[in-house]
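Q: Single-letter residue listing:
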Amino acid sequence: MEETKNEKTLLGFWIYLMTDLTMFAGLFAAYAVLRTNTFGGPPMRDIVNLPFVLIETLVLLLSSFTSGIAVLSATLGRIKSMVLMLCLTFLLGASFLGMELYEFHNLFIEGNTFQRSGFLSSYFGLVGTHGLHIFAGLIWLMILLVFVARKGLTKGMVRKLTLFGIFWHFLDIVWIFIFTFVYLMGAAL
Amino acid sequence: MDIYLYLCLFDGGSIMKEYYKQIAFYSVGLLSAAILTLVAYILTQIHVNSYHEVIPHAVLIPSVLILAFLQMCVQLVFFLHITNKSSRWNVVFFLMTFGGVLVIIIASVWIMYHLNYNMTPVQINQYIQDQSGL
Chain A
5 MEETKNEKTL LGFWIYLMTD LTMFAGLFAA YAVLRTNTFG GPPMRDIVNL
55 PFVLIETLVL LLSSFTSGIA VLSATLGRIK SMVLMLCLTF LLGASFLGME
105 LYEFHNLFIE GNTFQRSGFL SSYFGLVGTH GLHIFAGLIW LMILLVFVAR
155 KGLTKGMVRK LTLFGIFWHF LDIVWIFIFT FVYLMGAAL
Chain B
1166 MDIYLYLCLF DGGSIMKEYY KQIAFYSVGL LSAAILTLVA YILTQIHVNS
1216 YHEVIPHAVL IPSVLILAFL QMCVQLVFFL HITNKSSRWN VVFFLMTFGG
1266 VLVIIIASVW IMYHLNYNMT PVQINQYIQD QSGL
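Line by line, the protein sequences give chains A and B. Position one of the first sequence corresponds to residue 5 (this note's numbering), numbered consecutively onward. Position one of the second sequence corresponds to residue 1166 (this note's numbering), numbered consecutively onward.
Excised from the complex, chain A in its bound form (with noise of 0.2 angstroms):
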């Protein structure tokens, strides 16, 4: 019964992150199809800072890697290791999205807000949703940790843990393709 419940539980969340996907989708397609639309304005590569957004995306690698040891503390019982792996989650998903955070104010500062161009709208729209994400499974994240504190860890919580873990993956796996489209392809085009 529980397992059953289980299985459909992260189909169901399975398919959420499915139709986010798709969002993704049309906004990397908006990316791609406005990436030369400069107006006059800096392109990627006049803007982009390479080993600062390595960093990033390693901070944020290093995050999901945690996140899964947190998910594997959990199914085991491991409870120490659970929450300090949590909490290590958490750090780097922080770290990460003040880096992100710091990127957008320097761009703003220097006039390159999301008004400045259509290449800058649809850069902001698809960084930033991907940043929105990274916020919302912080604050996820922290009512985990209270959840935890307070009721320990039930079955119901393990399964609660695997669906976080799902979802900070997943955004790991989007931000591959970020880096790729966005920075790397950006700095070299």
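Check each hint, because a few of them may be wrong.
[To be verified] Pairs of lysine-lysine, BS3-like flavour, derived with a Cα cap of 25 angstroms:
| id | chain 1 | residue 1 | chain 2 | residue 2 |
| --- | --- | --- | --- | --- |
| 1 | B | 1186 | A | 84 |
| 2 | A | 159 | A | 9 |
| 3 | A | 159 | A | 84 |
| 4 | A | 155 | A | 84 |
| 5 | A | 84 | B | 1182 |
| 6 | A | 164 | B | 1186 |
| 7 | B | 1186 | A | 159 |
| 8 | A | 159 | A | 12 |
| 9 | A | 164 | A | 9 |
| 10 | A | 159 | B | 1182 |
| 11 | A | 84 | A | 164 |
| 12 | A | 155 | A | 12 |
| 13 | A | 155 | A | 9 |
| 14 | A | 164 | A | 12 |
Note that these hints are calculated values from the structure, not bench results. Everything numeric in this text was worked out from a predicted model, so none of it was measured.
Chain A is already provided as a structure; the job is to place chain B on it using the hints.
A: For chain B alone, coordinates are given in the frame of chain A:
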């Protein structure tokens, strides 16, 4: 996988064994993902720093796309456990959506490129001039 792990809960020794086995599994995923990211980054840096001479566009763009695709596969297998043993419906939904994503992106670029090509005023003016010999 979960049933197996719950069964392990009755035996302390095999929990630790399973724990370290899984951590090793995740670490392989982390390491290969990091290497794929670094390779794509270094290729792009060489391309940019050599002013597109050492690695031309025609080589770089397909390589970084293939590296991204490989890294997606690595993360799907090592982090999300999407393998032939996992739920069939998860894989079906993923493949369907991935196909849809490819259609949305490639078709948009294709259509818009041809719209640009066929409808840019400068090009139309040039075309009219060429045709009418003005």
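Q: Name the hints, by number, that the structure is in violation of.
A: No hint contradicted; all consistent.
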